[in-house]
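Residues per chain, in single letters:
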Amino acid sequence: MKTFKEISLTMVCLVLGIIVAWQFRSVKYNQVLAQYEKKNVSEIIDELLMEKSNNDKLKVRLQELQQEVDAFKNDQTGDQNRLNALEKSVLEARIMAGLETVKGTGIVVAIEPGGFKTIEDRHIEELLNELKATDAQALCVNDERIVATSEIRNAGDYIMINGRQLVPPYTIKAIGNPGDMANSLRLLGGILEKFQYYEFKVDLKEDENVVIPGVRDDGTVLRINMLTPVEQ
Amino acid sequence: MKGHHSVMFIAFILFGIIISLQFRGVINKSEVSAKELTVQLQAAKEENRKLLEQISNVEAEREQLLNNMGDNIGNENLNKLLGERDYEYLRAGLTTVTGRGIVITMEDALAKGEMDIEEYIIHDSDVNAILDELKAYGAEAISINDERVIFSTKPVCAGPTIIVNESRYPPPYVIKAIGDPDVLYEAIETMAQVAFMRLADIRVDIEKQDQVVVKKYHLYRSLDKMFEDLEVVRQ
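Chains Y and E, in that order, give the protein sequences. When we follow this note's numbering, the leftmost residue of the first sequence carries the number 7, and every step to the right adds one. When we follow this note's numbering, the leftmost residue of the second sequence carries the number 42, and every step to the right adds one.
FYI, nobody ran anything at the bench for these hints, they're computed from the structure. There could be a bad hint or two in this list.
[To be verified] To give an idea of the chain Y side of the interface with chain E (calculated C-beta under 10 Å), a few residues:
1) Leu-54
2) Arg-159
3) Met-166
[Stated by the list, open to error] Derived CB-CB ranges, DEER-like:
4) E:Phe-50 x Y:Ile-13: 18 to 24 Å
5) Y:Val-33 x E:Ala-84: 32 to 38 Å
6) Y:Glu-12 x E:Ile-58: 43 to 49 Å
7) E:Ile-54 x Y:Ser-32: 17 to 23 Å
8) E:Met-156 x Y:Ser-48: 26 to 32 Å
9) Y:Glu-12 x E:Glu-77: 20 to 26 Å
10) E:Ala-84 x Y:Gln-72: 21 to 27 Å
11) E:Gly-200 x Y:Glu-12: 22 to 28 Å
12) Y:Lys-123 x E:Glu-148: 30 to 36 Å
The C-beta atom is built at its ideal place from N, Cα and C for all residues, glycine as well.
All chains, please: the whole structure from these sequences, using the hints.
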């Protein structure tokens with residue numbers, strides 16, 4: 007009787023031990039799973055926030071357009087207003103294309119190689135992308151305006167932008183919110199810290215009067231001869 | 042001896058409850074919220090699609106009104122301005138265009154091999170390099186997943202998706218470019234980055250086409266607001 011009791015107790019403890027161990031493993035596995043889920047959730051939240059803010063912007067835009075159309079329909083102010091509105095939209099499209107010289111508040115960054123490393127296309131590109139991310143409204147490198155078809159490429163020791171060779175020091179100008187733009191560049195582990203490591207000499211200035219020239223208008227940078235508009 | 046039994050009994054019951062609680066807690070929490078969020082996300086995307094559609098309807102109406110105005114009044118200035126506007130909108134990327142060119146389709150490797158996992162996914166730098174190459178070889182209009190590339194476009198690869206302009210897209214990434222198809226094809230086909238991507242089983246298909254359609258830039262804000270911080274300098 008006593009041996010039976012001992013054996014059964016041993017069996018029970020053994021089974022319990024196995025179950026606990028199994029449980030422990032499954033909890034651990036679930037934790038890993040939960041981490042993946044969590045990452046997944048945070049990605050979904052990011053995307054959701056982006057979509058929501060987009061929708062808010064679109065609603066405002068729709069309202070503006072509707073007002074504009076309504077104003078056109080029951081307009082008593084006459085043709086002059088319409089002409090003015092059209093003139094304005096032509097000018098704004100030219101600004102967007104990069105054809106107009108513009109000025110405003112922004113930052114000016116000058117970079118010069120100081121040590122073992124030359125400045126390459128990807129360094130300039132990275133810096134420009136950082137500024138684009140903070141909603142820069144106009145950009146140029148050594149007075150070459152950045153437009154939709156501006157390439158940024160190495161050509162020997164130089165950098166080519168808009169088909170022109172640029173030499174250091176590179177001066178990047180951007181119009182937009184100067185504080186935001188400067189902060190995004192100075193971020194811990196950000197691009198200026200990396201440039202410091204490369205021993206580039208960097209000079210960043212906030213400026214109230216940044217002037218950015220328009221792109222040359224000879225059909226070599228903004229090209230349209232192969233484009234046919236599509237009616238929609 | 043009897044008291045000992047009942048203590049053990051209670052201890053084991055507690056033990057069991059705690060284990061099952063923990064087990065359930067770990068599984069449930071995130072799963073439910075992920076589902077809810079996905080539903081919300083779908084709804085937001087649907088709303089986004091509807092808004093874009095409404096906007097393009099109103100834009101078409103405005104276009105119609107403007108054109109009618111020109112015809113009705115026969116005002117020469119007005120007609121001249123309308124022509125100018127079409128021309129500048131074309132140059133600004135605010136018009137959908139078509140022409141000969143190439144279409145590049147890219148997709149992450151399906152299975153991970155023995156290299157670092159980073160080698161098997163498409164990076165921002167790869168997409169940027171391709172864009173720069175296209176621009177350098179004369180591309181006139183470019184889009185990524187139908188988002189028009191303008192001066193401020195900066196594609197970002199985030200996880201298994203790409204963010205272009207204001208929106209996020211899952212793979213495959215489709216880059217369309219209008220320009221000389223032979224020149225563009227040759228330029229992209231011979232890029233070192235493209236060879237490296239193909240080595241890692243990343244799909245990079247390049248196709249010449251006679252009728253590439255590059256969509257116009259979707260304005261999420263009026264041009265007025267897009268450029269509110271700058272003024273034009275006339276020389």
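Okay, the hints, checked on the actual structure:
| no. | hint | result |
| --- | --- | --- |
| 1 | Leu-54 | holds, 5 Å |
| 2 | Arg-159 | holds, 6 Å |
| 3 | Met-166 | holds, 7 Å |
| 4 | E:Phe-50 x Y:Ile-13: 18 to 24 Å | holds, 21 Å |
| 5 | Y:Val-33 x E:Ala-84: 32 to 38 Å | holds, 34 Å |
| 6 | Y:Glu-12 x E:Ile-58: 43 to 49 Å | violated, 29 Å |
| 7 | E:Ile-54 x Y:Ser-32: 17 to 23 Å | holds, 21 Å |
| 8 | E:Met-156 x Y:Ser-48: 26 to 32 Å | holds, 27 Å |
| 9 | Y:Glu-12 x E:Glu-77: 20 to 26 Å | violated, 53 Å |
| 10 | E:Ala-84 x Y:Gln-72: 21 to 27 Å | holds, 23 Å |
| 11 | E:Gly-200 x Y:Glu-12: 22 to 28 Å | violated, 57 Å |
| 12 | Y:Lys-123 x E:Glu-148: 30 to 36 Å | holds, 34 Å |
Against the hints set out earlier in the document, violations occur for numbers 6, 9 and 11.
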